Each structure stands twice: as structure tokens, then as C-alpha cells.
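> Sequence:
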Amino acid sequence: MKNILVTGATGPLGMGVITTLLSKTSAKNVYALARSEEKAASLKELGVNVKIGDYDDYESLVNAFNEIDTLYMVSNTDVAKRITQQDNVVEAALETGVTHIVYTSYLRKTETEDSPIRAVAAGHLNTEAKLKESGITYTILKHGTYTEMIPVFAGYDVLTKHLIYVPAGDGKTSFVTRNELAEAGAIILLDETGKYANKSLELTGPKALSWGDVADIIGSITNLPIKYISPSEDEYKKVAIEAGVPAGYVNLFANFSKVTKDREVDKTTGTLEDVLGYKATTVEISLKKIYGNK
25 MKNILVTGAT GPLGMGVITT LLSKTSAKNV YALARSEEKA ASLKELGVNV KIGDYDDYES
85 LVNAFNEIDT LYMVSNTDVA KRITQQDNVV EAALETGVTH IVYTSYLRKT ETEDSPIRAV
145 AAGHLNTEAK LKESGITYTI LKHGTYTEMI PVFAGYDVLT KHLIYVPAGD GKTSFVTRNE
205 LAEAGAIILL DETGKYANKS LELTGPKALS WGDVADIIGS ITNLPIKYIS PSEDEYKKVA
265 IEAGVPAGYV NLFANFSKVT KDREVDKTTG TLEDVLGYKA TTVEISLKKI YGNK
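Here the sequence shown stands for residues 25 to 318, numbered as in our numbering.
In short, the hints are calculated from the structure, not lab data.
These numbers were taken from a predicted model, which means no experiment stands behind them.
Heads up, the beta-carbon is just placed ideally off N, CA and C, and yes, glycines get one too.
A portion of the hints provided could be inaccurate.
Stated by the list, open to error - EDC-like, lysine to aspartate or glutamate: derived pairs with alpha carbons at most 16 Å apart:
id: 1; residue 1: K133; residue 2: E152
id: 2; residue 1: K282; residue 2: D138
id: 3; residue 1: K26; residue 2: E91
id: 4; residue 1: K285; residue 2: D258
id: 5; residue 1: K223; residue 2: D298
id: 6; residue 1: K48; residue 2: E216
id: 7; residue 1: K154; residue 2: E135
id: 8; residue 1: K63; residue 2: D78
id: 9; residue 1: K251; residue 2: D240
id: 10; residue 1: K105; residue 2: D81
id: 11; residue 1: K282; residue 2: E259
id: 12; residue 1: K313; residue 2: E172
id: 13; residue 1: K291; residue 2: E135
id: 14; residue 1: K26; residue 2: D93
Claimed, not checked - Simulated DEER-style distance windows between Cβ atoms:
id: 15; residue 1: G301; residue 2: A104; range: 36 to 44 Å
id: 16; residue 1: N317; residue 2: D240; range: 15 to 23 Å
id: 17; residue 1: E259; residue 2: T123; range: 49 to 57 Å
id: 18; residue 1: N247; residue 2: G71; range: 39 to 47 Å
id: 19; residue 1: K48; residue 2: N90; range: 22 to 30 Å
Let's have the full structure, built from the sequences with the hints guiding it.
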């Protein structure tokens with residue numbers, strides 16, 4: 025049985041992959057990468073093998089990847105360092121003989137750095153190109169936007185203000201649950217047929233929704249009159265800053281709203297359901313879990 029290592033293992037996505045792997049294969053073949061022993065404590069409780077390593081530390085990655093066959097590479101959240109750090113991961117994998125890398129990228133239509141979220145796009149595009157040029161077997165998972173992000177973008181006070189204030193126009197997003205993306209990743213890691221080898225998979229939810237649609241769904245669940253207003257980007261930033269939202273988050277939310285408005289993330293495919301073998305969870309079902317008892 026092949027040895028599988030999951031990076032980003034202490035985060036929600038990585039932990040979800042590990043949990044699914046443990047339900048389908050022996051813990052002795054499951055490895056988790058953590059940056060410190062302290063962060064690894066919860067992983068050790070699950071019975072998985074823990075390797076200590078950091079994307080910034082090439083030698084630590086070489087040590088961690090020894091005896092690993094398949095690598096689940098969670099994209100780094102530090103956009104400024106993403107290219108250098110992820111180059112380290114790919115090069116360390118090549119040096120140690122890893123045979124397959126499954127990489128978590130992002131759904132988009134614009135395949136260049138002209139994307140509205142070019143700062144995010146650059147690192148992903150670089151890593152995807154590096155994988156394709158490396159000669160190593162790869163699977164690129166182009167994840168749609170997490171359904172779990174809806175309360176963040178909508179605002180945690182949506183039920184008191186009865187308002188979603190997002191500069192996304194009538195653009196739509198094919199929201200997808202992080203848990204199902206994690207499960208799909210585990211299935212692909214365990215696959216022995218090679219059907220996912222050297223492929224890019226667009227993993228989306230079953231339906232694209234506008235923020236107006238989301239407002240209607242939340243309103244239906246809560247019996248509250250939730251409105252959606254799409255301000256200009258400048259007005260949105262002004263209001264958010266005045267409300268005390270950190271500037272970094274304001275810019276991030278504004279950029280992702282622009283991606284939605286420009287219809288970069290509204291594509292839907294059946295690929296996730298094909299991998300899972302069942303229907304993907306709808307936004308309606310997810311939001312009932314979040315807002316149903318409010």
C-alpha cells in the first residue's frame with residue numbers, strides 16, 4: 025500500500041482529507057505534515073504518522089517526504105511567499121522520489137495573471153506549470169469557492185441588519201462544501217487506476233448562485249427580510265473600513281467580489297459528483313445547517 029502525506033494537515037481542508045483517508049485505509053500509510061510538535065498533537069491523537077516540516081525550509085521537506093509515494097499539496101495561504109514556498113515542495117518531492125502530487129488550486133476562467141485576483145492567481149499558475157513540466161504525475165484540483173465562506177462574506181450580522189452588502193453585482197458563484205472537496209481529495213489520493221493522473225479537475229457545487237439568491241435562501245430559512253445591495257467597490261471599501269474591518273480583509277473581500285462580478289467563478293461541472301459517487305450538497309442544505317436554528 026502506498027504511503028500518503030497530507031500537507032496543511034492542521035487546517036480544515038487537510039484535516040478533512042486525513043479523516044476521510046482514515047475511514048478508507050490503514051493509519052500506518054497516512055502521514056501528516058505539521059510545522060511543529062505542538063501543532064501535531066491533534067494529529068498524533070488520530071494515530072497518523074506525523075512529519076515536521078515547513079514550506080520555507082527545503083531540507084525539512086526533503087526529510088519529511090522520504091518514503092512518501094503520494095503527496096496532497098495544500099496551497100499556501102501566504103500569497104507573497106507562495107511561489108518560492110511551493111517551488112520548494114515540488115522540488116523536494118522530486119528529489120525524494122514522490123510519484124504523484126495532488127495540488128489544490130482554484131476555479132477560474134482567466135488562465136493568466138490578468139485575473140481580478142492576480143495576486144492569488146500568480147502562485148497557483150506558477151505551481152501548476154511547474155508540476156506539468158516536472159515529469160512527476162500530478163492531479164490539479166481547481167476548487168470552487170467554499171460554501172463555508174458565505175457567512176464571512178455575507179457578514180456575521182446579516183440576521184440583525186437583514187442585509188448582504190457585497191459589490192458582486194449579479195455575478196454568480198458555484199459554491200462547494202470544503203468537506204466534499206476534502207473527501208474527493210482523499211478518493212483521488214487512494215485511486216490505483218490512474219484515471220486522475222496528469223489531469224486538472226474543476227470541482228464545483230451543483231449550481232451557481234448570485235448573492236441575491238443567497239439572500240433569498242437565508243431569508244426563506246429564517247423568515248427574515250434579507251436584502252442584497254451591491255455597492256460600488258469604492259463605496260464598499262469605505263463602509264467596511266469605517267465599520268472597523270481590517271484593510272487586508274476589505275481588499276480580499278473586494279477582490280473576490282470582483283471575481284464574482286466578472287463571472288470568473290460561476291462555472292459548474294459534474295466532476296465532483298463523479299469523484300464522490302453521489303450528489304454534491306446544495307447551498308440550501310448547507311445554509312439550513314448554519315442558519316436554521318438562529
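> Each of the hints needs a verdict: does it hold here or not?
Here is what the structure says about each hint:
1. K133 - E152: With a Cα-Cα distance of about 15 Å, the restraint between K133 and E152 holds, given a limit of 16 Å.
2. K282 - D138: 13 Å, holds
3. K26 - E91: Holds - the C-alpha atoms of E91 and K26 are around 9 Å apart, at most 16 Å.
4. K285 - D258: The given pair, whose Cα atoms are some 15 Å apart, holds under the 16 Å limit.
5. K223 - D298: 14 Å, holds
6. K48 - E216: 13 Å, holds
7. K154 - E135: 15 Å, holds
8. K63 - D78: 12 Å, holds
9. K251 - D240: Holds - the C-alpha atoms of D240 and K251 are around 8 Å apart, at most 16 Å.
10. K105 - D81: OK: K105 and D81 at ~12 Å, within 16 Å.
11. K282 - E259: 14 Å, holds
12. K313 - E172: At roughly 11 Å apart (the allowed maximum being 16 Å), E172 and K313 satisfy the hint.
13. K291 - E135: 14 Å, holds
14. K26 - D93: 6 Å, holds
15. G301 - A104: 36 to 44 Å: For A104 against G301, whose Cβ atoms are near 39 Å apart, the range 36 to 44 Å holds.
16. N317 - D240: 15 to 23 Å: This hint holds: roughly 19 Å between Cβ atoms.
17. E259 - T123: 49 to 57 Å: 51 Å, holds
18. N247 - G71: 39 to 47 Å: Between N247 and G71, where Cβ atoms are some 45 Å apart, the hint holds.
19. K48 - N90: 22 to 30 Å: The hint (22 to 30 Å, Cβ to Cβ) holds, given that K48 and N90 are roughly 24 Å apart.
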